[in-house]
Amino acid sequence: MSTAATLTLRPATLADAPLLAAMHAASWQATYRALLPAAFLESEVNAERAAYWRARMEAPGAERRLVLIAELDAPPAAATPAGFVCVERQPESPWGVLLDNLHALPAYQGMGVGKRLMEAAQSWARAQGEAQLYLYVLDGNAPAIAFYERQGWEFSGSEPDRMGGVDITALRYVYRLADI
60 MSTAATLTLR PATLADAPLL AAMHAASWQA TYRALLPAAF LESEVNAERA AYWRARMEAP
120 GAERRLVLIA ELDAPPAAAT PAGFVCVERQ PESPWGVLLD NLHALPAYQG MGVGKRLMEA
180 AQSWARAQGE AQLYLYVLDG NAPAIAFYER QGWEFSGSEP DRMGGVDITA LRYVYRLADI
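With positions in the sequence shown counted from 1, the corresponding number in this note's numbering is that position plus 59.
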(Lines of atoms letter the chains of each structure in order from A and count residues from 1; the text may use other names and numbers.)
(Lines give C-alpha, C1' and ligand atoms only; values in the text may rest on other atoms or scores of the structure.)
Protein backbone atom coordinates (compact mmCIF):
# COMPACT_ATOMS: atom_id res chain seq x y z
CA MET A 1 0.00 0.00 0.00
CA SER A 2 1.43 3.38 -1.04
CA THR A 3 1.20 6.48 1.12
CA ALA A 4 2.85 8.84 -1.37
CA ALA A 5 1.29 12.28 -1.65
CA THR A 6 -0.67 13.14 -4.78
CA LEU A 7 -0.99 16.71 -6.02
CA THR A 8 -4.50 17.66 -7.08
CA LEU A 9 -5.96 20.94 -8.31
CA ARG A 10 -9.47 22.03 -7.48
CA PRO A 11 -11.49 25.13 -8.30
CA ALA A 12 -11.68 27.66 -5.48
CA THR A 13 -15.04 28.88 -4.23
CA LEU A 14 -16.14 31.85 -2.16
CA ALA A 15 -15.79 29.63 0.91
CA ASP A 16 -12.06 29.36 0.07
CA ALA A 17 -11.46 33.13 0.30
CA PRO A 18 -9.95 32.85 3.83
CA LEU A 19 -7.66 30.01 2.70
CA LEU A 20 -6.56 31.94 -0.40
CA ALA A 21 -5.86 34.99 1.76
CA ALA A 22 -3.86 32.97 4.28
CA MET A 23 -1.76 31.33 1.55
CA HIS A 24 -1.23 34.66 -0.21
CA ALA A 25 -0.13 36.39 3.00
CA ALA A 26 2.18 33.51 3.97
CA SER A 27 3.77 33.58 0.52
CA TRP A 28 4.36 37.33 0.67
CA GLN A 29 5.74 37.11 4.21
CA ALA A 30 8.26 34.48 3.12
CA THR A 31 9.14 35.98 -0.26
CA TYR A 32 9.06 39.75 0.20
CA ARG A 33 11.07 40.17 3.43
CA ALA A 34 13.76 42.18 1.65
CA LEU A 35 11.34 43.95 -0.71
CA LEU A 36 8.48 45.27 1.45
CA PRO A 37 8.32 46.92 4.88
CA ALA A 38 8.40 44.51 7.83
CA ALA A 39 5.52 46.37 9.51
CA PHE A 40 3.29 45.70 6.50
CA LEU A 41 4.25 42.03 6.29
CA GLU A 42 3.92 41.43 10.04
CA SER A 43 0.78 43.35 10.89
CA GLU A 44 -1.18 44.44 7.81
CA VAL A 45 -0.84 41.85 5.08
CA ASN A 46 -3.19 39.27 6.63
CA ALA A 47 -6.16 41.65 6.89
CA GLU A 48 -5.35 43.28 3.55
CA ARG A 49 -5.26 39.94 1.71
CA ALA A 50 -8.43 38.73 3.52
CA ALA A 51 -10.34 41.77 2.28
CA TYR A 52 -8.84 41.40 -1.19
CA TRP A 53 -9.78 37.74 -1.64
CA ARG A 54 -13.25 38.12 -0.18
CA ALA A 55 -13.96 40.97 -2.63
CA ARG A 56 -12.36 39.15 -5.54
CA MET A 57 -14.28 35.93 -5.04
CA GLU A 58 -17.55 37.88 -4.67
CA ALA A 59 -16.90 40.09 -7.69
CA PRO A 60 -18.87 39.67 -10.90
CA GLY A 61 -17.07 38.27 -13.91
CA ALA A 62 -16.19 34.85 -12.50
CA GLU A 63 -16.51 33.46 -16.03
CA ARG A 64 -13.41 35.51 -16.98
CA ARG A 65 -11.17 34.00 -14.32
CA LEU A 66 -9.95 30.72 -12.96
CA VAL A 67 -8.79 30.25 -9.38
CA LEU A 68 -7.35 26.85 -8.50
CA ILE A 69 -6.03 25.52 -5.21
CA ALA A 70 -3.27 22.90 -5.24
CA GLU A 71 -3.60 20.27 -2.54
CA LEU A 72 -1.42 17.38 -1.50
CA ASP A 73 -3.40 14.29 -0.66
CA ALA A 74 -1.45 11.91 1.55
CA PRO A 75 -3.82 9.26 2.92
CA PRO A 76 -4.92 8.86 5.59
CA ALA A 77 -4.43 12.59 6.32
CA ALA A 78 -6.72 15.26 4.90
CA ALA A 79 -5.66 17.27 1.86
CA THR A 80 -3.03 19.91 2.61
CA PRO A 81 -3.11 23.20 0.69
CA ALA A 82 0.19 23.72 -1.15
CA GLY A 83 -0.50 26.77 -3.33
CA PHE A 84 -2.88 28.47 -5.72
CA VAL A 85 -3.17 30.23 -9.05
CA CYS A 86 -5.49 32.96 -10.31
CA VAL A 87 -5.66 33.73 -14.02
CA GLU A 88 -8.04 36.21 -15.62
CA ARG A 89 -8.99 37.25 -19.13
CA GLN A 90 -8.28 40.93 -19.71
CA PRO A 91 -10.30 41.94 -22.78
CA GLU A 92 -8.70 45.39 -23.00
CA SER A 93 -5.13 44.24 -22.41
CA PRO A 94 -2.63 44.17 -25.26
CA TRP A 95 -0.73 41.52 -23.29
CA GLY A 96 -3.36 38.75 -23.20
CA VAL A 97 -4.53 36.82 -20.16
CA LEU A 98 -3.25 37.97 -16.77
CA LEU A 99 -1.61 35.35 -14.59
CA ASP A 100 -2.36 37.45 -11.54
CA ASN A 101 -1.30 35.08 -8.78
CA LEU A 102 0.89 32.01 -8.71
CA HIS A 103 1.97 30.96 -5.24
CA ALA A 104 3.49 27.71 -4.03
CA LEU A 105 3.79 27.81 -0.27
CA PRO A 106 7.43 27.81 0.88
CA ALA A 107 7.30 24.26 2.25
CA TYR A 108 6.19 22.96 -1.16
CA GLN A 109 8.47 24.91 -3.48
CA GLY A 110 10.67 22.77 -5.69
CA MET A 111 8.10 19.95 -5.78
CA GLY A 112 6.41 20.96 -9.05
CA VAL A 113 3.45 22.75 -7.46
CA GLY A 114 4.11 26.07 -9.22
CA LYS A 115 4.77 24.39 -12.55
CA ARG A 116 1.57 22.36 -12.32
CA LEU A 117 -0.46 25.47 -11.45
CA MET A 118 1.14 27.39 -14.31
CA GLU A 119 0.36 24.60 -16.77
CA ALA A 120 -3.28 24.64 -15.65
CA ALA A 121 -3.40 28.41 -16.22
CA GLN A 122 -1.90 27.99 -19.69
CA SER A 123 -4.39 25.24 -20.57
CA TRP A 124 -7.28 27.40 -19.41
CA ALA A 125 -6.07 30.37 -21.47
CA ARG A 126 -5.73 28.16 -24.56
CA ALA A 127 -9.28 26.88 -24.02
CA GLN A 128 -10.43 30.51 -23.95
CA GLY A 129 -8.89 31.00 -27.40
CA GLU A 130 -6.13 33.24 -26.09
CA ALA A 131 -2.63 33.40 -27.57
CA GLN A 132 -0.59 34.90 -24.73
CA LEU A 133 -0.38 35.28 -20.97
CA TYR A 134 1.37 37.93 -18.94
CA LEU A 135 2.31 38.44 -15.33
CA TYR A 136 4.04 40.89 -13.06
CA VAL A 137 6.83 40.01 -10.66
CA LEU A 138 8.50 42.37 -8.19
CA ASP A 139 11.91 43.59 -9.23
CA GLY A 140 14.29 41.91 -6.81
CA ASN A 141 12.32 38.66 -6.53
CA ALA A 142 15.15 36.69 -8.11
CA PRO A 143 13.81 33.18 -7.35
CA ALA A 144 10.46 33.91 -9.04
CA ILE A 145 12.13 35.60 -12.01
CA ALA A 146 14.41 32.59 -12.48
CA PHE A 147 11.42 30.21 -12.22
CA TYR A 148 9.43 32.11 -14.86
CA GLU A 149 12.40 32.33 -17.21
CA ARG A 150 13.04 28.58 -16.86
CA GLN A 151 9.42 28.02 -17.90
CA GLY A 152 9.86 30.10 -21.07
CA TRP A 153 8.48 33.47 -19.97
CA GLU A 154 10.16 36.52 -21.50
CA PHE A 155 10.74 39.95 -19.97
CA SER A 156 8.68 42.60 -21.78
CA GLY A 157 8.90 45.75 -19.68
CA SER A 158 8.51 47.29 -16.26
CA GLU A 159 6.00 49.54 -14.58
CA PRO A 160 6.03 51.56 -11.37
CA ASP A 161 3.59 50.37 -8.72
CA ARG A 162 2.90 50.73 -5.04
CA MET A 163 2.67 47.88 -2.55
CA GLY A 164 2.75 47.78 1.23
CA GLY A 165 3.00 51.57 1.32
CA VAL A 166 6.20 51.76 -0.76
CA ASP A 167 7.00 52.39 -4.40
CA ILE A 168 8.07 49.27 -6.26
CA THR A 169 8.89 48.25 -9.80
CA ALA A 170 6.82 45.48 -11.34
CA LEU A 171 8.50 43.54 -14.12
CA ARG A 172 6.17 42.29 -16.84
CA TYR A 173 6.78 38.89 -18.38
CA VAL A 174 4.88 37.35 -21.28
CA TYR A 175 4.38 33.77 -22.39
CA ARG A 176 3.31 33.00 -25.93
CA LEU A 177 1.02 29.99 -26.06
CA ALA A 178 1.61 27.38 -28.72
CA ASP A 179 -0.68 27.73 -31.70
CA ILE A 180 -4.15 26.60 -30.80
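None of these hints come from the bench; they were simulated from the model. Treat the numbers as computed from the prediction; the structure is a model and nothing was measured. Misleading hints may appear alongside valid ones.
Derived SDA-like pairs: lysine to any residue, alpha-carbon spacing no greater than 20 Å straight-line [claimed, not checked]: (1) 174 x 99; (2) 174 x 214; (3) 174 x 124; (4) 174 x 68; (5) 174 x 110; (6) 174 x 223; (7) 174 x 73; (8) 174 x 219; (9) 174 x 65; (10) 174 x 226; (11) 174 x 153; (12) 174 x 122; (13) 174 x 98; (14) 174 x 130; (15) 174 x 116.
Results of checking the hints against the structure:
About 29 Å separates the Cα atoms of residue 174 and residue 99, which puts this hinted pair outside 20 Å; it is violated. Note on residue 174 and residue 214: the hinted pairing holds, with a Cα-Cα distance of about 18 Å set against a maximum of 20 Å. For the suggested pair residue 174 and residue 124, the alpha carbons sit about 19 Å apart, so the restraint of at most 20 Å is met. As the CA atoms of residue 174 and residue 68 are separated by approximately 12 Å, the hinted pair is consistent with the 20 Å bound.
Between residue 174 and residue 110, the direct Cα distance comes to roughly 27 Å. Violation of the 20 Å bound is thereby established for this hinted pair. The hinted pair formed by residue 174 and residue 223 fails the criterion: a straight-line CA distance of about 27 Å is larger than 20 Å. Taking the CA atoms of residue 174 and residue 73, the gap is near 25 Å; set against the 20 Å cutoff, the hint is violated. Restraint check for residue 174 and residue 219: the C-alpha separation of about 27 Å exceeds 20 Å, so the hint is violated.
In summary, the hint linking residue 174 to residue 65 is supported, as the alpha carbons are separated by about 15 Å, within the 20 Å threshold. Taking the CA atoms of residue 174 and residue 226, the gap is about 29 Å. The hint is violated against a cut of 20 Å. As the CA atoms of residue 174 and residue 153 are separated by approximately 25 Å, the hinted pair breaks the 20 Å bound. For the hint linking residue 174 to residue 122, the alpha-carbon distance of about 23 Å lies beyond 20 Å, and the restraint is violated.
Our distance criterion of 20 Å between C-alpha atoms is broken by residue 174 and residue 98, whose separation comes to about 31 Å. Restraint check for residue 174 and residue 130: the C-alpha separation of about 14 Å stays at or below 20 Å, so the hint holds. Our distance criterion of 20 Å between C-alpha atoms is broken by residue 174 and residue 116, whose separation comes to about 24 Å.
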